[in-house]
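Peer 1: Since each chain sits alone in its own frame, please combine them into the complex, following the hints.
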Amino acid sequence: MQPRSLRGGMRKNKQFYLIGILIIAIIITLVGLLELSAIKDIFFWGQIQRLILAIVAGMLFYLLPFKNLKLLSYVFHVLILILLVVVLFSSHEDVKRWIPIGSFNIQPSEFAKLSLILVISRIYAEREKIKNSQVLKALLVTMLTAALVLIEPDLATSVTYFFIFFAITYGVGAPREILIPLILVPLSALFSIHPLLIVILFVGTFVYLKLRNFSPFIILINLFLILTVSLSTPIIWKKGLKEYQKQRLTAFLAPEKYKNREAWQIYQAQIALGSGGLTGKGLGKGTQKGLAFLPAAHTDFIFTSFGEEFGFLGTSFLLLLYSLFLVFILKLTQRTGRYHKGILLGIWGYFFYHYALNMAANVSLFPVAGIPLPFMTFGGSHIIVEFIMLSMLFRILKEEA
Amino acid sequence: MNYKGMNKNKIFNIGIWLVFTILFLRLFQVQILKHKYYYELSLKNYLKPLKLHAPRGDIYDRKGKLLAHWEPVFRVSLIPDLIPPEGLKKLKEILGRLDVDPETLKIKSNYITIKTGIPFHKALIIEENYEEFPSVVVDADPSRVYYPQFNYLSHIIGYVGEASQEEIEKFNLSPGDVVGKSGVEAVYDTILRGRDGYRFIAMDSKGAIVDLNPRPPIPPVKGKSLRLTIDSDLTHYIDSLFLPYKKGACVVYNPITGDIYSLYSKPYFGSSLIKLRWEDYLKDPSSPLINRTIQGLYPPGSVFKPISALIGLASGKIERNTVFYCPGSYRFGRRVWKCWKSSGHGSLDLIQAIAQSCDVYFYQLGLTVGLENFLNILKDFRLPIKTGIDLPGEYQVLLPDVDYYRKKYGDYGFTEGYVMNLAIGQGEVLLTPIWIAVVTGIIANRGVSAIPHLLADHNPGYIKWDLPREDFEIVREGMLQVIKGEHGTASFLYSPQFSFAGKTGTAQNPHGKDHSLFTCFSPYDNPQIVITVVVENAGHGSEAAAPIAAKILERWYEKK
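Heads up: the protein sequence lines correspond to chains A and B, in order.
Count the first sequence with our numbering and you get residues 1 to 401, in order.
Count the second sequence with our numbering and you get residues 1 to 560, in order.
Bound conformation, chain B alone (with noise of 0.2 Å):
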């Protein structure tokens, strides 16, 4: 009976210690080996991080003028998962349209900035009444500020936005962050986006918030500051030369150094207004958001002469003492084509030609080179079709070529009679400012020109065009001829104090009227400032882009 009793007592014992050891081993799994693995998700649990943007670097420009900076502003966050139906709507009722919508989030147990730059008495208003409004957190978020007296810098700076799907995937964001969109601040984003931080606040769970700093926060840094290669004085000095004018487009560049000292395009939008006014913009039918130095494609009209004069003696055909004589007008096949001055020119040189800007002389010279050879000639000049600016969206230039001409025309509809055309920059050739401000920098330096950018402190390389240093001496001069000689198109503006040379041009303009074109370098011996002027439906180009090319120029002189 004893023994008995102690068998069973024996079992039992054997119960207790299988039961001992049984959870001895699984509190050992759960507390020892998988501690970390619980541990991560217990801090999950009532941590949540809160996306602390990180201030965009400030935008200066080259004498240090602050262009882009940013303020706090008060933005409103949540958890989605935590907020009920009535507490959202009644939050949609006191902010409007929310920058995100909670509702159309895939993950909703994260904190997500629903709305930013909200006014004070909102933020009050959320705020007194927290408890309707589970992890609802309201703080200070840093918003860009752009400057309305720097519109028209607006192209070249750009403007930020809300990250679209794809820049969230591409750059790995969140719902709300901001990205820049256009201008530099969407070429440097990287640079100027800095790193976000994170603060923690803890909450119990439902959502009430039990610790708003529970742990250190990881503070957000800074984007770097841009100084930019821009002269804000001087542009907005071009503004006010371009105030009797609707549109066009100037750019001021050192072909030396690359830098843009100024890219203006007429008419401008505010980086300030984007988003109240865009639909405006979109809307406007002079394009503001068009950035037309690097976007507008305009028929160069004669200031294309001195690269015909450039195939002209590339081809060998031609040379500086070709004559040719203008009598006002020139019969080709059964046609009368005219020269811009009706009385006729005379006997011609080629840097006459330049200076006078002599139709009829070109003509010929077309006609010596042959369409083809005039066109293989321009191909082999391999120049490039885009400058390289550091902006999005530059418009590649349009130089055809035979295949074009083939395409366009079909193989025989194109008779010798076009290289006339193209000779004196009308027809198919349609430039950039930019562009045409970069050529004129190769010609001012005899063959190289760095490549326009607006960093300052930078250097993006150059574009070079290979031609004997004779044949560039020539054009040179024959633009120099332009201002300095007699007869030059724009001697009205030579000015004893500096020297500069540069080409007039009057663009065909089908729906109004002519656009007029002008470009210059100076000083003539070493250049260092390229200056190029559009101006649309002012005629011609001595008339009213000429004056600005030179007053700007003066200007600089002036400041130097």
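Isolated chain A (complex conformation) (with noise of 0.2 Å):
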């Protein structure tokens, strides 16, 4: 038992923090927002119109305490999963992503996140000593839930699911021996461009596990793991992507060369993007935007567009604000229950991933992955996630008192 004052002091901080993080989430909103105006009034109004959702749906869940949600996680995270497959029946030709519902278009592989958050932290809270066979569990969930969507597809979203599994996973203190593998598999696929880098983590892993001592049969296992999945990465590349995914990806890899054709969207948002130089062209003077060069500019590339008209300025602080967003959340997470700390952890997750990917799309660091930047890009069924993920938040404070 901690001294009650040192309890209270605690409670204040966080307290600090959750203001700290609401300020930034209406910060980030009204940008947004602000952008979103300044590209067509239609957005505005039709974010207005979400937001309000979103508003909405974040006071509801603030009412539901943490004990029902946790008994009903499964329930709505199997909710989600017929919705998931029911999304594939849609009429959508390419890409079956939505379920249209009126005039909005419901993404359920955006709800999911937030229902898998529940699960997890719920198989996590199950022992006091987490075991293998736990993260077993919560990683059958995961790929259940990725599987789904990768057929819609969206490679993006499924690579979500893992990374808030991997998130929860490693931050409640799953076993060691648990979680190598689980980064390894990751890290082999992406090292899989060159050879050179796959030696390099065989032997690296090799050495690591060799000073901790781990047994030959786990050296062995993870050996052969990083073998197979590196060498399969290559043959999965040419046969499992669509055709529209790797075009992203070569556009990403060489821009000048494909600018008229695959690059043209990342080859415009740099123009975009750079043209703004330090302080931007100002509020919808974006000419790159303006005159439709810079496509998704609502979307995939608010960023850019933000970046446009309002500069390095611009753009450095709304990355700082990210940032103490980001660590704001993690501040939130000591000291707290099992429970809540896996559903903190998992939506830090959700933030970061999300942040970061989106972000290193718009300056060109990774290839375009539709996925949302948190608060900013239009759309609704992120938004309302987000939302409710901040009403948990307070719900968490409220429920810690």
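Quick caveat, the hints were computed from the structure, so don't treat them as lab data.
Ideal Cβ placement from N, Cα and C applies to all residues, glycine included.
Take every hint as true, because none was put in to throw you off.
Capping the alpha-carbon separation at 30 Å, the derived lysine-lysine pairs in BS3-like fashion look like this:
{"id": "1", "chain 1": "A", "residue 1": "K129", "chain 2": "A", "residue 2": "K210"}
{"id": "2", "chain 1": "B", "residue 1": "K44", "chain 2": "A", "residue 2": "K285"}
{"id": "3", "chain 1": "B", "residue 1": "K275", "chain 2": "B", "residue 2": "K90"}
{"id": "4", "chain 1": "B", "residue 1": "K206", "chain 2": "A", "residue 2": "K285"}
{"id": "5", "chain 1": "A", "residue 1": "K331", "chain 2": "B", "residue 2": "K8"}
{"id": "6", "chain 1": "B", "residue 1": "K206", "chain 2": "A", "residue 2": "K246"}
{"id": "7", "chain 1": "A", "residue 1": "K242", "chain 2": "B", "residue 2": "K206"}
{"id": "8", "chain 1": "B", "residue 1": "K10", "chain 2": "A", "residue 2": "K70"}
{"id": "9", "chain 1": "A", "residue 1": "K285", "chain 2": "B", "residue 2": "K34"}
{"id": "10", "chain 1": "B", "residue 1": "K10", "chain 2": "A", "residue 2": "K129"}
{"id": "11", "chain 1": "A", "residue 1": "K137", "chain 2": "B", "residue 2": "K8"}
{"id": "12", "chain 1": "A", "residue 1": "K285", "chain 2": "B", "residue 2": "K108"}
{"id": "13", "chain 1": "A", "residue 1": "K331", "chain 2": "B", "residue 2": "K10"}
{"id": "14", "chain 1": "A", "residue 1": "K40", "chain 2": "B", "residue 2": "K34"}
{"id": "15", "chain 1": "B", "residue 1": "K108", "chain 2": "B", "residue 2": "K34"}
{"id": "16", "chain 1": "A", "residue 1": "K131", "chain 2": "B", "residue 2": "K10"}
{"id": "17", "chain 1": "A", "residue 1": "K238", "chain 2": "A", "residue 2": "K96"}
{"id": "18", "chain 1": "B", "residue 1": "K513", "chain 2": "B", "residue 2": "K338"}
{"id": "19", "chain 1": "A", "residue 1": "K70", "chain 2": "B", "residue 2": "K8"}
{"id": "20", "chain 1": "A", "residue 1": "K131", "chain 2": "B", "residue 2": "K8"}
Footprint (simulated), chain B over chain A, 3 or more residues, beta carbon under 8 Å:
{"id": "21", "segment": "166 to 176"}
{"id": "22", "segment": "273 to 286"}
{"id": "23", "segment": "302 to 313"}
{"id": "24", "segment": "326 to 337"}
Peer 2: Below, the structure written as structure tokens:
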């Protein structure tokens, strides 16, 4: 037991961080609205509608005790999974991601992120000490969810689930012997772009495991894993990826070369961002965005479109806000119960992944993956999810009191 | 447990700040370091420059009469990349044949003018259906205007046309730009052309025009105007004098200043009609496109006799008082060479020989000098083979030398008798009217004459002929006697009002009637004007050419 005063101080700190989180979220939301208003009025008013929905959803969730959520988490997730199956039968030709309801398109894969966090957190809250079997159970749920989304297809979102899974699993302190292979899988896939990288990973893993005194059996399994994944990745790349996904990758790797075709988007985004300079061209004066050279200005490239008009000062300010937002969420995880901690880590994982990947794509450090920028990108589903997450942060603090 | 939790948060925090640093540095690179580069690209993205052609400079005659001007006409420009194939097809249907076919261009992302000079109603049709033709702009373009009443000046003024691939590379132009193709338009093209400007058009990525004037245009600078030495009234008068004749040429020029008052070549074309009637002009057997004053090579006939006389004097074997007898013909070898006057001239000195253009005298002069000697002296005179007039395409005259004869007839294929033909200006010699005029000027001014030129207030220099002054005086006097002498070949033109000296010539023409030639200068003591007239197929020099020259001179004195 901590001394009472200390606990009180901790709580006060957390209140401070929570208010910080809220203020940052509001600022970013307003910036997003401002930018949307400069793009097209219908985006602005559409986003206002979605925001109202999101705030209402957030308030409703605030009323819901986690005790009940914990009980219902499986039910929620199963419902979402059913929706994910339903989506596959939608009438969209190429990409089946949305369920149209009235004038809105519901994207179940976004809500799956929320329910997955709840399910995983619940799994890890089952026992005092986390066992490998719990990790495997959480992994299975994640894989099932990811598999359904992968069929849509939506590679980037399915990877989100794994990232959330990792963030929670690592954060709550899962045993190392199960964490290591889990990390090795994505690393091997990533390093498969060059044989030398695979060799480095292979040797590095071997040395690390040996130093940590793991049994020869575990070492063997891990090394085998590296080889299997890294060798099969290029085959999956060739056969598994859709044409548009390959185009995005080739475009990312050589934007100048393909500037008139596949890379038009990221090439024009670079021009938009770069032409903004230090102070930007001013709200509504972005020529790249305004004259339709920059595609998806209100969705994938809203950050770029903001950067063209507000310049380096604007973009680095936004960068700082997102970073502080993430730091503050981490602060909330201190001295919380396992269940709450799992949820907090899941939320952190969600925001970190979305912010990092979207921004990286905007500055051409990563292929365009269609990941929304939290609070800014035009769209209902992710905004609702994000506001529910915000309200959960408040609920957690309330329940801890 | 707490410590462990802290440790994990630390790794997450490192992740946050790592991502922050990477993104921050990347943004710094793109937005600050490479800002200029991307800014230029963004301008290029939506600002498209459209060339504004500078109006060409006007062309005036020496009295300030406007000979060539410009006027705005409608033009159609577009960016080939942005025009869909159906749009282009429709444009071609509306406009007919395009000046520049966008499909043939290498660079298709910039504005190009595809047609100039379209009528108003077509401009309207295109403007009304602008949505079908993304990027299309219809605006005014300066176009060269020539006046049909000055068609007789077309050889001098020349004409403009669309720049060829060669010219585009040479002058750094774009397809569709206009350059001077002949006449002073070509010679002084860089002066007349001016500096093209640009306007900018803002368009979105699909080629829809969002702003026609997003940035101040760079205005074109009109080309400098030219004043020519030409007297258009005088040339008009000359044109009327040539009315009875089909073909001919006339040069009126000042040997002191080099000013060309008239450079007349008949038949002529029309600068304003060149595009329309190009094929006709090419097919016309009378070759209206040829400027006979600088491109007509004529056997000079007796007009050459003053030069023969100078050769005789230079040889030292002929003097002013050298007398030969003309019985009407001259026997050399087995052949009898006739004089143009079959009754004969009797005994003549050099001056009378020139005045009466006695062939027999010049046969004997040539024989006295000797063929080889004659040719060598002519070569030693170092007369230029071109006058250097500021017009493109001047032909070289043909002044034969010994090598020429050897090449043409073989080392022993020509006999001494050839000098007889040469001495009377028949045979191998071929001269242009402008060259005859310049040499007349040199004789008139006793050894020097200005290089003829068309650009006013301009002195390109002099052509000199280094001979003793007395030699020139002898020939001058002979030429004076042509008019003034009782038996002069053009004595009927004598006028007490002004003094002038000249020389008639009849060039034998194997294809038809002889060409009539006359060259003269005036006044005798202090020559100010040289007139050379060639009338094709008009017979003896005194019949057609000389009266024309006299009339020109008369008028020149009237207006003075």
